[in-house]
Structure formats: C-alpha cells, structure tokens
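So for the sequence shown, the working numbering puts the first residue at 30; every next one is plus one.
Treat each hint with caution, since some may be false.
[To be verified] Pairs of lysine-lysine, PhoX-like flavour, derived with a Cα cap of 25 Å:
1. Lys512 to Lys489
2. Lys412 to Lys535
3. Lys512 to Lys611
4. Lys512 to Lys412
5. Lys535 to Lys612
6. Lys578 to Lys639
7. Lys535 to Lys578
8. Lys578 to Lys611
9. Lys416 to Lys612
10. Lys135 to Lys169
11. Lys52 to Lys135
12. Lys556 to Lys489
[Stated by the list, open to error] Taking CB as the label site, the calculated pair distances span:
13. Asn528 to Glu632: 46 to 56 Å
14. Thr157 to Ala299: 45 to 55 Å
15. Glu632 to His408: 33 to 43 Å
16. Gly251 to Glu219: 14 to 24 Å
17. Asn404 to Arg127: 45 to 55 Å
18. Thr540 to Glu632: 52 to 62 Å
19. Asp402 to Leu325: 41 to 51 Å
Hints listed in this document are in silico derivations from the structure and should not be mistaken for laboratory results.
A quick note: this is a predicted structure, and the numbers were derived from the prediction, not measured.
Here a beta-carbon is modelled for each residue, glycine too, at the ideal position from N, C-alpha and C.
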Amino acid sequence: MPDSLGPDLSGGVAAYLSAQESKTLLRFITCGSVDDGKSTLIGRLLYDSKLIFEDQLATLENDSRKHGTTGEDMDFALLVDGLEAEREQGITIDVAYRFFATDKRKFIVADTPGHEEYTRNMATGASTADLAVVLVDARKGLLEQTRRHSHIVSLLGIRSIVLAINKIDLMDHDQAVFDSIVADYIEFAEQFGFDEVRAIPMSARYGDNVSSRSASMPWYEGPTLIEHLETVAIADPALDLPFRLPVQLVVRPDPEFRGFAGQIASGTVAVGDNVVVAKTGKSSRVSAIVTVDGNLESAREGQAVTLVLEDEVDVSRGNMLVAPDARPYVADQFQAHVIWFGENALMPGRSYVLRTETDSTNATLTALKYSIDVNSLTHQASKQLEKNEIGVCNFATGSPLAFDAYRDNRTTGNFILVDRLTNATVGAGMIDHPLRRADNVHWQAIDVTREARADLKHQKPSVLWFTGLSGSGKSTIANLVEKRLHVQGRHTVLLDGDNVRHGLNKDLGFTEADRVENIRRVAEVAKLMTDAGLIVLVSFISPFRSERKLARDMMAPGEFIEIFVDTPLEECARRDPKGLYKKAIAGDLANFTGISSPYEEPETPELHLKTLGADPDSLAVEIEDFLSQHDSRCRSGD
Numbered sequence: 030m031p032d033s034l035g036p037d038l039s040g041g042v043a044a045y046l047s048a049q050e051s052k053t054l055l056r057f058i059t060c061g062s063v064d065d066g067k068s069t070l071i072g073r074l075l076y077d078s079k080l081i082f083e084d085q086l087a088t089l090e091n092d093s094r095k096h097g098t099t100g101e102d103m104d105f106a107l108l109v110d111g112l113e114a115e116r117e118q119g120i121t122i123d124v125a126y127r128f129f130a131t132d133k134r135k136f137i138v139a140d141t142p143g144h145e146e147y148t149r150n151m152a153t154g155a156s157t158a159d160l161a162v163v164l165v166d167a168r169k170g171l172l173e174q175t176r177r178h179s180h181i182v183s184l185l186g187i188r189s190i191v192l193a194i195n196k197i198d199l200m201d202h203d204q205a206v207f208d209s210i211v212a213d214y215i216e217f218a219e220q221f222g223f224d225e226v227r228a229i230p231m232s233a234r235y236g237d238n239v240s241s242r243s244a245s246m247p248w249y250e251g252p253t254l255i256e257h258l259e260t261v262a263i264a265d266p267a268l269d270l271p272f273r274l275p276v277q278l279v280v281r282p283d284p285e286f287r288g289f290a291g292q293i294a295s296g297t298v299a300v301g302d303n304v305v306v307a308k309t310g311k312s313s314r315v316s317a318i319v320t321v322d323g324n325l326e327s328a329r330e331g332q333a334v335t336l337v338l339e340d341e342v343d344v345s346r347g348n349m350l351v352a353p354d355a356r357p358y359v360a361d362q363f364q365a366h367v368i369w370f371g372e373n374a375l376m377p378g379r380s381y382v383l384r385t386e387t388d389s390t391n392a393t394l395t396a397l398k399y400s401i402d403v404n405s406l407t408h409q410a411s412k413q414l415e416k417n418e419i420g421v422c423n424f425a426t427g428s429p430l431a432f433d434a435y436r437d438n439r440t441t442g443n444f445i446l447v448d449r450l451t452n453a454t455v456g457a458g459m460i461d462h463p464l465r466r467a468d469n470v471h472w473q474a475i476d477v478t479r480e481a482r483a484d485l486k487h488q489k490p491s492v493l494w495f496t497g498l499s500g501s502g503k504s505t506i507a508n509l510v511e512k513r514l515h516v517q518g519r520h521t522v523l524l525d526g527d528n529v530r531h532g533l534n535k536d537l538g539f540t541e542a543d544r545v546e547n548i549r550r551v552a553e554v555a556k557l558m559t560d561a562g563l564i565v566l567v568s569f570i571s572p573f574r575s576e577r578k579l580a581r582d583m584m585a586p587g588e589f590i591e592i593f594v595d596t597p598l599e600e601c602a603r604r605d606p607k608g609l610y611k612k613a614i615a616g617d618l619a620n621f622t623g624i625s626s627p628y629e630e631p632e633t634p635e636l637h638l639k640t641l642g643a644d645p646d647s648l649a650v651e652i653e654d655f656l657s658q659h660d661s662r663c664r665s666g667d
C-alpha cells in the first residue's frame with residue numbers, strides 16, 4: 030500500500046484540515062450491473078486510503094464472517110452496503126456517498142445500485158458527478174445494465190469515463206479478455222461522445238491496479254485507478270456559464286429589507302451588476318450580496334446568497350435572476366429526455382407534478398416521440414414508456430418555466446416528475462429545448478369573462494363527473510339529473526362516453542394510453558363548457574384516479590363534483606346492457622374495465638351512490654339536492 034494514500038497528521042489536525050481545503054474535489058460515481066464489484070471497489074479505496082478506524086475494521090472483519098462472500102478474506106463491499114437488506118441480498122439498494130482523500134485530491138464517491146429495480150437511485154448519484162467508473166465483470170463482458178448506466182451518465186452530462194474491467198484475476202489476468210471488452214465498449218459508447226474513456230484492468234478484491242500496480246499484469250502500462258483519479262482534469266463549466274440564481278425564498282425580516290435567496294446555479298455576480306427577472310423581463314441592479322458570514326462584493330457558482338436589488342421588482346420562489354445578455358428560455362412547452370422509474374407506464378395525456386430546482390407546476394405529456402433501446406441505441410416508436418426505459422417526450426406545463434437546455438446547464442435544465450396521487454418520484458428529465466409552438470401561441474384577451482356568461486344564465490358553472498363500471502347506471506342517472514335541471518331552467522350539457530366516441534374520440538381505442546387520452550380530451554371540453562357558464566354532466570367510466578384528478582384540477586375550486594355510481598361488478602355483469610361483459614369474460618373483448626383492465630374506485634368523492642336496491646329517480650333527486658346545497662355554500666363563501 031503506498032504511503033501517499035494515508036492522511037498525514039504529523040503537523041497537527043489544524044494543518045491537516047487546512048491542507049484538505051486547498052485540494053481540488055472530484056465527485057465520481059461507480060456504476061454497472063449487479064455484482065460487478067462496485068461496493069467492493071469503494072471499500073478497497075477507503076481501506077487503502079487508511080480512512081477506516083480500528084473499530085470499523087474490527088466490525089468489518091466480524092461482518093465479513095457473518096455476511097461476507099469472499100471466504101476468509103475481508104469483504105470490502107460491506108463497508109458501504111449498510112442496509113440489512115443489502116447485506117442479506119448481496120446487492121446495493123440505496124446510494125452510498127463516501128469521502129476519502131489522497132495527498133493530491135479529495136474525493137466524494139457515490140456507490141449506486143446495479144440492480145435494474147433501483148435505476149432511479151443510480152440516476153440520483155450520477156446527477157452531481159464529474160466522472161463515472163463503469164465496472165464490468167471480466168467473466169461476463171458488457172451487460173444490458175452496463176449499457177443502460179452508460180447511457181444514463183451520458184444523458185446526465187458526465188464526459189469522463191473509467192472503464193474498470195474488474196475480477197480480471199478470475200480470467201487469469203488475460204490481456205485478450207481485457208482488450209475484447211474494451212473494444213466492445215468503445216464501439217458501443219462512440220455515439221455518446223465521451224471526452225475520455227480510460228480502461229483499467231483490476232481486481233478490487235485484492236487491490237490489483239486500484240491503488241497499487243499489479244505484478245500479475247505486466248502487459249498493462251497505464252495508471253492505477255487512484256493515479257488516474259488524482260490527475261484527471263476537472264472542468265468547472267458552471268463557473269463559465271451565464272449567471273443564474275433560482276430564487277428559493279423571498280427574505281422579508283422587516284419592511285426595510287427585501288432580498289432574494291438561493292444557491293447560485295452558474296456564473297458569477299457582483300454588486301453593481303445588472304440582472305433580469307427571467308419570467309417577466311424586469312431588470313434591476315444588485316445593491317448588496319448578503320450571506321450568513323457577512324456581505325460580499327461578488328459571489329460565484331455554488332454559493333448560497335441573498336441578493337438585494339435597487340428596484341422593487343416582483344420576484345417569487347420558482348423564478349430566476351439571470352444575466353441580462355444571456356437569458357434562459359421561458360416557455361410552457363418543451364422537449365426532454367426522460368428516465369422513467371414509475372411502476373405505471375408514462376403515457377401521453379397523463380398529468381404529473383413537474384419540479385425543477387425551485388419551481389413546481391402541473392405538466393402533461395403531450396407526445397412520446399420515441400423510446401431508446403439501451404443496447405442498440407436505436408429509436409423505437411412507442412405508445413408508452415415502461416419502468417427503467419428512456420425516451421424523448423414533449424411536455425406542456427400549467428405555467429411557464431424558466432430553464433436552460435440541460436446540455437448547456439445541468440442545474441437549470443433538469444426536472445423530476447412526481448405522481449400526483451402518491452407523491453412518489455416517477456421520472457427524471459433533461460430538457461432539450463423549448464417547442465416553437467410555445468412561442469407562437471399566446472393567450473388572447475377576451476372581454477366577456479366566464480363569470481359574465483354564468484351571471485347571464487343565473488347559475489354557477491360546475492362539472493358533475495359520473496364515474497363507475499360499465500352497466501352501473503351512470504348514463505341513466507345522469508340523464509335523469511339533466512332532465513330535472515332542465516325543468517328548473519338550468520343550462521346544461523351531457524357528455525356521455527359512448528356518444529363522444531362517435532365523434533371527438535372516434536380515433537381512440539381502449540388501451541390504457543387511449544383511455545387516458547379519452548379522459549383528457551373530455552376534461553378539456555368540459556372546462557370550455559364551464560367557461561361558457563354551463564353545468565356539464567360527464568358520464569364516463571374514467572377508470573383511473575390520476576385522470577379524474579387531472580380533470581378536477583382543470584376546473585375552478587368547487588366546480589368539480591365527483592359522483593361515484595357504485596354498483597358491484599357482479600350486478601353490472603348480470604345487467605350487461607350491451608353484452609360486453611359476456612364477451613370480456615369469454616376473452617373476446619380485451620382491455621375491458623373490471624375484467625381485464627382495472628377500475629380504481631374514488632377515495633373521497635363528493636357523492637357516493639350505492640345503486641343496489643335504490644331507485645334511479647331517488648338517486649337523481651339526491652344529486653339535485655346536493656347540487657342546490659353546494660351552490661348555496663359556494664355563494665356564501667363556505
């Protein structure tokens with residue numbers, strides 16, 4: 030073990046810490062397929078750098094006997110595989126960050142999962158890395174997960190790769206094996222345009238070519254892994270990029286002070302500099318840069334600051350202060366590469382919460398342009414994106430976002446997608462560019478408002494959304510309700526699922542993707558009709574909660590009334606008014622709700638109608654009474 034790897038405390042702790050502060054920092058990630066030796070490699074680096082305390086070493090020896098997979102030797106993977114589940118399964122599940130240092134440089138390494146199930150964790154680790162160590166088991170060569178991880182690190186902007194051909198000792202240190210794997214990887218990765226791919230044969234278990242050279246591979250004349258990590262160039266592109274400060278907080282401790290706090294995403298700023306509010310184009314000048322350690326004359330990328338401006342300009346969380354001569358895009362439609370993590374497929378028409386560095390808005394996938402085969406990198410026509418797939422998509426957001434293309438700025442060009450129902454992170458995106466139609470389409474000012482139209486009709490616009498299984502009685506009850514409202518002089522329209530599919534939605538089938546688009550279109554129509562001041566009755570199976578929530582969120586508060594027409598599946602099948610259940614049970618009708626396609630019952634509908642033993646007319650009266658009371662509550666402001 031080279032002495033240069035151990036921390037030198039001969040000059041005292043203070044001197045040691047001071048020396049550490051002056052060293053450059055390299056963030057890197059280890060990735061690859063399951064059991065390629067990622068955790069073992071990091072454990073070896075920590076061990077060789079003498080950053081393991083005696084009690085940790087004793088624990089490692091004990092754990093190696095209990096959980097280890099290396100016989101009598103210490104299992105270095107256990108240094109970073111901290112979860113009990115990881116030790117039991119022998120795989121990495123979570124992202125483990127570890128720090129170590131040599132005389133020349135400091136390092137933060139992210140050990141990321143190789144298992145396909147935890148691709149999201151791997152993407153998390155890669156998002157802040159400068160370099161990726163892609164491990165390959167010399168016995169297996171390139172695997173699908175090796176290719177997937179290489180693709181992901183290229184999408185996330187990593188330009189330096191170490192191709193670590195691990196477990197070469199199990200192939201008798203054969204140079205031909207090494208050369209063959211390197212040739213395969215170089216051919217595969219050519220399309221990614223990496224700046225550098227450094228291939229190193231090694232055995233992480235025994236430390237060969239990790240921190241010391243291996244006598245077993247005299248044919249290899251390149252650097253060890255640690256030598257390469259110590260000398261590889263670290264670019265700092267964020268410092269050279271235009272100034273960006275995503276605003277995280279408006280600071281108002283008293284009426285005399287108003288500042289805009291956040292972490293500088295790129296570039297530099299100084300007192301006296303002109304800045305622009307990205308979303309509004311309003312300009313001002315920086316009068317002060319405030320930090321917890323006192324005021325600064327200038328600040329740079331990575332620093333947390335509060336900017337005070339000379340003028341009273343409107344800036345809120347989610348907006349961005351930027352350089353006036355190099356502004357970001359501001360648009361509500363864009364194209365992006367997406368890595369999908371969700372259990373349920375990503376499909377056009379479905380709505381999610383999109384979150385950027387500081388902003389959050391609703392977003393709808395308007396088009397899935399293609400998915401990418403991780404093995405061949407070919408573009409494939411797809412109707413949906415399955416878990417762990419990568420695709421190129423178009424999005425429309427509920428409000429404009431300020432952003433850069435990811436290739437230009439990793440911090441201001443990324444986003445995540447969050448499931449609106451579960452709050453789970455289901456996707457990560459890298460923005461390619463805004464769509465031109467986002468610049469060409471503008472809201473037209475209209476003098477006659479929706480409130481004026483509603484006042485003319487003397488009614489409150491609303492959407493009565495009837496949902497339930499086929500044969501539950503939705504259309505029958507909705508028809509009766511509309512008749513009763515018509516008698517009262519209310520202005521209504523009834524949108525029925527079957528009727529709409531004869532016109533507006535006649536191009537749609539009954540796949541999950543088509544059902545999502547079916548409901549999205551109907552919700553848009555219902556919104557337009559409420560703008561006209563109408564009471565809209567929508568009778569659709571609408572089997573998915575996410576689409577019903579999408580429809581609800583389109584409407585003004587209090588306008589969406591979800592009515593669950595609850596009829597047991599057995600009763601619906603017994604009624605079978607259209608003969609569809611018989612066909613579905615026989616296997617002659619695919620994607621039929623309740624039989625071969627799921628129905629997600631409403632969790633908190635405004636009205637829950639149980640139809641067994643109930644008369645449709647009495648249920649219609651119940652809805653009429655509810656609507657009357659609802660309107661009264663809305664008028665009173667309750």
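(message) Under the constraints set out in the numbered hints, which ones does this structure not fulfil?
(response) The structure breaks hints 3, 4, 8, 9, 10, 13, 14, 17 and 18; every other hint is satisfied.
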